[in-house]
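Colleague: Please work from the sequences and hints to get the whole structure.
Protein chains: 2
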Amino acid sequence: MVAYLGVLQLRQIVNEIGTETLIAALADRIEADFHRWPEFDKSPRYASHSARGVVELMPAADAERFAFKYVNGHPGNGQLGLQTVAAFGMLADVDTGYPVLISEMTILTALRTAATSAMAARHLARKDSRTMAVIGLGAQSEFQSIAFSELLGIENLRIWDTDPIATKKFLVNMQGRGIAIHVASGAEDAAAGADIVTTVTADKKRARILSGNMIAAGTHINAVGGDCPGKTELGPEILERGRVFVEHTPQTRIEGELQQMPADFPVTELWQVIRGEAPGRTGRDDITVFDSVGFAIEDFSALSLIYDLLCERSDIARLDLIASPSDPRDLFGLLTSGENPQVLRRAV
Amino acid sequence: MVAYLGVLQLRQIVNEIGTETLIAALADRIEADFHRWPEFDKSPRYASHSARGVVELMPAADAERFAFKYVNGHPGNGQLGLQTVAAFGMLADVDTGYPVLISEMTILTALRTAATSAMAARHLARKDSRTMAVIGLGAQSEFQSIAFSELLGIENLRIWDTDPIATKKFLVNMQGRGIAIHVASGAEDAAAGADIVTTVTADKKRARILSGNMIAAGTHINAVGGDCPGKTELGPEILERGRVFVEHTPQTRIEGELQQMPADFPVTELWQVIRGEAPGRTGRDDITVFDSVGFAIEDFSALSLIYDLLCERSDIARLDLIASPSDPRDLFGLLTSGENPQVLRRAV
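Listed in order, the protein sequences are those of chains A and B.
Last residue of the first sequence: 460 (this note's numbering), numbering continuous.
Last residue of the second sequence: 460 (this note's numbering), numbering continuous.
One or more of the hints may lead you astray.
For identical chains, the list gives no copy identity; a pair is met inside one copy or between any two copies.
Claimed, not checked - Derived lysine to any residue pairs resembling SDA-like cross-links, with alpha carbons at most 20 Å apart:
id, residue 1, residue 2
1, 280, 391
2, 154, 164
3, 280, 439
4, 154, 168
5, 280, 389
6, 280, 416
It is worth saying that the hints were derived from the structure and are not from the lab.
Modeller: Right, dumping it as structure tokens:
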């Protein structure tokens, strides 16, 4: 029987643990996994493109666990009342190849993306950062804000979205969290005086949310929204002025802000900073850019952590996803026999 | 909500429809999909190897549906009481990227493999074939036998396995089906007088179950067991004497009996025969070989057919696998709000 984590139960777990605490635990787990980066079986994601979007499979494995995420990207889904990006994932035992967990990953991806951003900023932003700009107030914005509040001590947000409804949604969701919020008049106003600038806009196009003149010395830029071919948020001059940090270089050159730059544009992989093999921020005036696109190891970390949390619970739902005949060679007998106790332990 | 098809319900559906009828329907669906082969988005399978086995993702898509199968191959699993090969799959709507079905695929793969073999033999074996040898009596053997009985009119089986327990299991499972069964004294005895020879042994090694002198003119060989690197069943002289038919050439050259042959060894893809673009059997004395390894389109066909069958039922189980906030941008609100009707339509 395979454990199942649906949306309802994940919501229950998040509310029991607290969003802040879960994001912090995810950040620690992702950091630990990045620290052992060379141990992972890393592959480019598999993508199948169609007229309206793309579906992808993102696999990653270590010596014990194999994980993959299925995720779509359909810019027109919002008009249908659907998520632009929805996902689910699986964790398997490498020794037997058997799946151990099927999990929703739309919410889990939002949590791990925010955790990865904050974890990267722990290494790249100034320690005294207290003010963050958030440009783009879509599905990811609250998760980013909470992650940076919890992990970096951000106390002030300067927010901006072209859509007032998104702004209102953000303000309602962030009420009562002890974070001061300034609604800016535009992206430039949002970035003014910010120690950290998070860009997390949703439009699937080459945009220029930030240009070089908006960015002060010492800023850390958390560039989250430019995450697929044809979608960018930063003016290229920002990448030239700053030092650029990425998850997995070959993927980021195709999907990230890097797609604007020459193929030999110098970057540092974040895991090298975490392992002390490459410098992160070298001084107060550095401009650092985390060109985040989302890598399969982060999904591995998230599935792995949530499975560990789930295993401590007594209310695990289970699926009869894998046939278990008492004699493995007698698969046919399983179909025709009147009963089979191993299978009849049905999903709760 | 995503439809879920577990082992128990698939068993119920198979027993309601009948194994023979379902395999015949699968064969027709697979043939129809092979007939529109050029329409499919085809990719090599993704494989992650470890010390004890391999796990694979096999994707395929047409303009409407995307499917993939997760499948492992762990030769040592039998000693743990587990399946050597276990699988599950997913079907998604290409227009939205949303999953519509999660399904067990261990049994479904056994059914589709047998259906593919029999469908290929419909094009390649002599029409008057009545006797089939089955060499290797593991998990796939009964499915193959039933498929060939149903689709080709096979009336006599000549069976062989090195393990008497497997033979006994096969005989028990095949009782009362009106098929005459001769337990042979070895592979050569099994093949003697057979119109069709099915090899479906399980050992993961380069074996030589059949050699050229065992094969009479006019035989169709259904080579199922040699399906991964390092695993073959036929002496290469058989491939040289016969005409070899494959699913997807690049995959079969790596995984099939073909791995023994030079890279330019001539083969014909089965879909070309089905579309009338290449000859199948050209005369009574041809030796034809279907070098089957299993291709993702067959899984697509199986998932697609079983989803169509499931949609006609009133007892569909559903999973809350995809978060559905009423405002797609308000994923965070879904976590914190007290209720959300779209999500609270919970799995039955």
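Colleague: Going through the earlier hints one by one, which of them does the structure break, listed in rising order?
Modeller: When the structure is compared with the hints, numbers 1, 5, 6 turn out to be violated.
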